[in-house]
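K.L.:
Sequence:
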Amino acid sequence: MALLKAKEIVSSTPVVVFSKTYCSYCKRVKQLLSEVGAVYKVIELDQQDLPISLRPNSCMLINSEDGDETQAALEEWTGQRTMPNVFIDGKQIGGCDVLMVKHQAGTLVPLLTDAGALANSTSAQL
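Residue numbers for the sequence shown follow the numbering used here, so the first one is 55 and each next one is one higher.
No lab work stands behind these hints, which were simulated from the structure alone. There could be a bad hint or two in this list.
What the hints assert, rightly or not - Derived DMTMM-like pairs (lysine to aspartate or glutamate); straight-line CA-CA distance at most 25 Å:
(1) Lys95 <-> Glu129
(2) Lys61 <-> Asp168
(3) Lys74 <-> Asp151
(4) Lys61 <-> Glu123
(5) Lys59 <-> Asp100
(6) Lys145 <-> Glu89
(7) Lys95 <-> Asp143
(8) Lys74 <-> Asp143
(9) Lys156 <-> Glu89
(10) Lys59 <-> Glu130
(11) Lys145 <-> Glu129
(12) Lys74 <-> Glu123
(13) Lys74 <-> Glu129
(14) Lys81 <-> Asp168
(15) Lys145 <-> Glu123
(16) Lys145 <-> Asp100
(17) Lys61 <-> Asp100
(18) Lys95 <-> Glu62
(19) Lys74 <-> Asp122
(20) Lys95 <-> Asp151
(21) Lys59 <-> Asp120
(22) Lys81 <-> Glu130
(23) Lys81 <-> Glu62
(24) Lys95 <-> Asp168
(25) Lys95 <-> Glu130
(26) Lys61 <-> Asp143
(27) Lys145 <-> Asp122
Here the structure is a predicted model, which is why all the values come from computation and not from measurement.
Model the full structure from these sequences, guided by the hints.
P.N.:
Here it is, written out as structure tokens:
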């Protein structure tokens, strides 16, 4: 069930970051994506569900039990257990180090543009 839900989320949003709120690598990835103007969805695996009105527009909170299941499902699917686990245009990109290398090499912004995930792009969406 968790794998199906993760795949559904990834296929419905140009950029998805599976994250944990206390993780410094996750914070760096979210900061980088915000700095380049990306529109992205964050799935915080270590938080309790909140009423929909209290959720930030780009954030979905999953309670810790479901978060553990989702993390295990992501590992089964991608081979990566660590967070963050970033997906762009339905494809798993990897974690913080991979995203930073892509940014430094100048390939991240074109990847986000092709996915329609830049805020100034006419096709950017949540």
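K.L.:
Indicate, hint by hint, whether the structure satisfies it.
P.N.:
Hint check results:
1. The hinted pair formed by Lys95 and Glu129 meets the criterion: a straight-line CA distance of about 19 Å does not exceed 25 Å.
2. Using a Cα cut-off of 25 Å, the hinted pair Lys61 and Asp168 holds, with the two alpha carbons roughly 20 Å apart.
3. This hinted pair checks out: Lys74 and Asp151 have alpha carbons roughly 16 Å apart, not beyond 25 Å.
4. The straight-line distance between the Cα atoms of Lys61 and Glu123 is roughly 13 Å, inside the 25 Å bound, and the hint therefore holds.
5. For the hint pairing Lys59 with Asp100, the CA-to-CA distance comes to about 16 Å; that is within 25 Å, so the pair holds.
6. A hinted pair counts as satisfied when its Cα atoms are at most 25 Å apart, and Lys145 with Glu89 qualifies at roughly 21 Å.
7. Simply put, Lys95 and Asp143 have alpha-carbon atoms about 12 Å apart, close enough for the 25 Å limit, and the pair holds.
8. The straight-line distance between the Cα atoms of Lys74 and Asp143 is roughly 21 Å, inside the 25 Å bound, and the hint therefore holds.
9. For the proposed pair Lys156 and Glu89, the alpha carbon gap of about 14 Å is at most 25 Å, so the pair holds.
10. Taken as a hint, the Lys59 and Glu130 pair is honoured in the structure, with Cα atoms around 14 Å apart against an allowance of 25 Å.
11. At roughly 14 Å between alpha-carbon atoms, Lys145 and Glu129 fall within 25 Å of each other, so this suggested pair holds.
12. The suggested pairing of Lys74 with Glu123 holds, with an alpha-carbon distance near 14 Å, which does not exceed 25 Å.
13. With a C-alpha separation of about 15 Å, the suggested pair Lys74 and Glu129 falls inside the 25 Å cut-off, and the hint holds.
14. Straight-line distance between C-alpha atoms of Lys81 and Asp168 comes to about 24 Å, which keeps the hinted pair within the 25 Å bound.
15. Note on Lys145 and Glu123: the hinted pairing holds, with a Cα-Cα distance of about 20 Å set against a maximum of 25 Å.
16. Taken as a hint, the Lys145 and Asp100 pair is honoured in the structure, with Cα atoms around 23 Å apart against an allowance of 25 Å.
17. This hinted pair checks out: Lys61 and Asp100 have alpha carbons roughly 19 Å apart, not beyond 25 Å.
18. Distance hint between Lys95 and Glu62 is fulfilled; the C-alpha atoms sit about 13 Å from each other, no more than 25 Å.
19. Taking the CA atoms of Lys74 and Asp122, the gap is about 11 Å. The hint holds against a cut of 25 Å.
20. With a C-alpha separation of about 19 Å, the suggested pair Lys95 and Asp151 falls inside the 25 Å cut-off, and the hint holds.
21. Restraint check: the Cα-Cα separation between Lys59 and Asp120 comes to about 11 Å, which is no more than 25 Å; the hinted pair holds.
22. At most 25 Å may separate the alpha-carbon atoms for a hinted pair to count; Lys81 and Glu130 meet this at roughly 24 Å.
23. Between Lys81 and Glu62 the CA atoms are separated by roughly 24 Å; this keeps the pair inside 25 Å, and the hint holds.
24. A threshold of 25 Å between alpha carbons decides the hint, and for Lys95 with Asp168 the separation of about 17 Å falls inside it, so the pair holds.
25. Our distance criterion of 25 Å between C-alpha atoms is met by Lys95 and Glu130, whose separation comes to about 21 Å.
26. A threshold of 25 Å between alpha carbons decides the hint, and for Lys61 with Asp143 the separation of about 12 Å falls inside it, so the pair holds.
27. The hinted pair formed by Lys145 and Asp122 meets the criterion: a straight-line CA distance of about 21 Å does not exceed 25 Å.
Hint compliance for this structure: every hint is met.
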